[in-house]
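Asker: Here are the chains, one letter per residue:
2 protein chains.
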Amino acid sequence: MNDAAPLLDRESALASDTKLELKVWLRLLTCTTLIEREVRQSLRERFDTTIARFDLLSQLDRAPKGLTMGELSSRLMVTNGNVTGLTDALVREGLVSRAPEPGDRRSLRIRLTAAGKQFFDGMTPVHEGWIDRLMAGMTRADMAHLLELLGRLKQSLAAAGAQK
Amino acid sequence: MNDAAPLLDRESALASDTKLELKVWLRLLTCTTLIEREVRQSLRERFDTTIARFDLLSQLDRAPKGLTMGELSSRLMVTNGNVTGLTDALVREGLVSRAPEPGDRRSLRIRLTAAGKQFFDGMTPVHEGWIDRLMAGMTRADMAHLLELLGRLKQSLAAAGAQK
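In order, the protein sequence lines correspond to chains A and B.
In terms of my numbering, the first sequence opens at residue 8 and continues consecutively.
In terms of my numbering, the second sequence opens at residue 8 and continues consecutively.
No lab work stands behind these hints, which were simulated from the structure alone.
Hints may be right or wrong, so weigh each one.
Because identical chains share one entry, a pair is satisfied inside a single copy or across any pair of copies.
Said to hold, decoys possible - Here are the computed lysine-lysine pairs in the BS3-like style, where the Cα-Cα straight-line distance is at most 25 angstroms:
#1 LYS124 / LYS72
#2 LYS26 / LYS124
#3 LYS30 / LYS124
These numbers were taken from a predicted model, which means no experiment stands behind them.
Could you build all of it, start to finish, from the sequences and the hints given here?
Answerer: So, in structure tokens, the structure goes:
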């Protein structure tokens, strides 16, 4: 076992006979929390923006035809209400546009505006640099293996009905 | 590569040339979000409580002598303000006690009460069962390896200064 350096976190003082499943979950949560905290702080300091906004813009950036509100909330794994509030703000700031779907006026389609695209393109390489730096202590082989094992976990979660 | 079943999440429509670091981060975030969502919903339905409360009680359960507010916020990786609000509520409900440190009256020590211990002991096996079920699709070997790789990631994060 390759234990991490002592760190006060959710794993602190965990009994040595703690179940493997629980250890994996707590370490997963610790890693996610640490990365999120770094990214949150860096986005605020460098771009005066939030993770939620960055995530929403990144989904739209990968969808040249835009996304419906439902698609956005699925991909971001948040509620429709969350997406609505966030979209309202981004529309006001001119970073995204929102228009009724042709043929289905109850459905709204969200797209990046040119200003939104420009703003996001400015953040992308910087954000990638932060993630690279945080993972710089891992080998490529370890990262590839971690990605594969997280893929198996994701399959396990889907099989257990955690998908929706 | 053992890719997960199609699922609308943060990895959707990711370009195939996306950097490995970013893929790992997005998949890590997806897995954490899925597990958190399940645990949040189950805690609410079964015990009418929240993840934040469960986490705080679980830290105190592992600390027979109690923890100071500072230790609690470090281990839970949240701000002092968050811990204070949460502790206020749990004190009112009689689940934890809060008293000045002998010899350092500016510092407060939090402990589980007997009622808090009883409440937490009732949740523990049920919570473990949820995590077991979510990871049931993974082999022991995969879980052990995942724990090890997450340990290396945690070391990398600490080395990159994400610890504090």
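Asker: For each hint, tell me whether it holds in the structure or not.
Answerer: Tested hints:
1. Taking the closest pair of Cα atoms, LYS124 and LYS72 come within 25 angstroms of each other only inside a single copy of the chain (13 angstroms); across copies the shortest separation is 54 angstroms, beyond that limit.
2. For the identical chains of this complex, LYS26 and LYS124 are inter-copy neighbours only, at 20 angstroms across copies versus 46 angstroms inside a copy, given an alpha-carbon limit of 25 angstroms.
3. Proximity of LYS30 and LYS124 under a CA criterion of 25 angstroms is satisfied inter-copy only: 21 angstroms between copies versus 40 angstroms inside one chain copy.
Checked against the numbered hints above, the structure breaks none of them.
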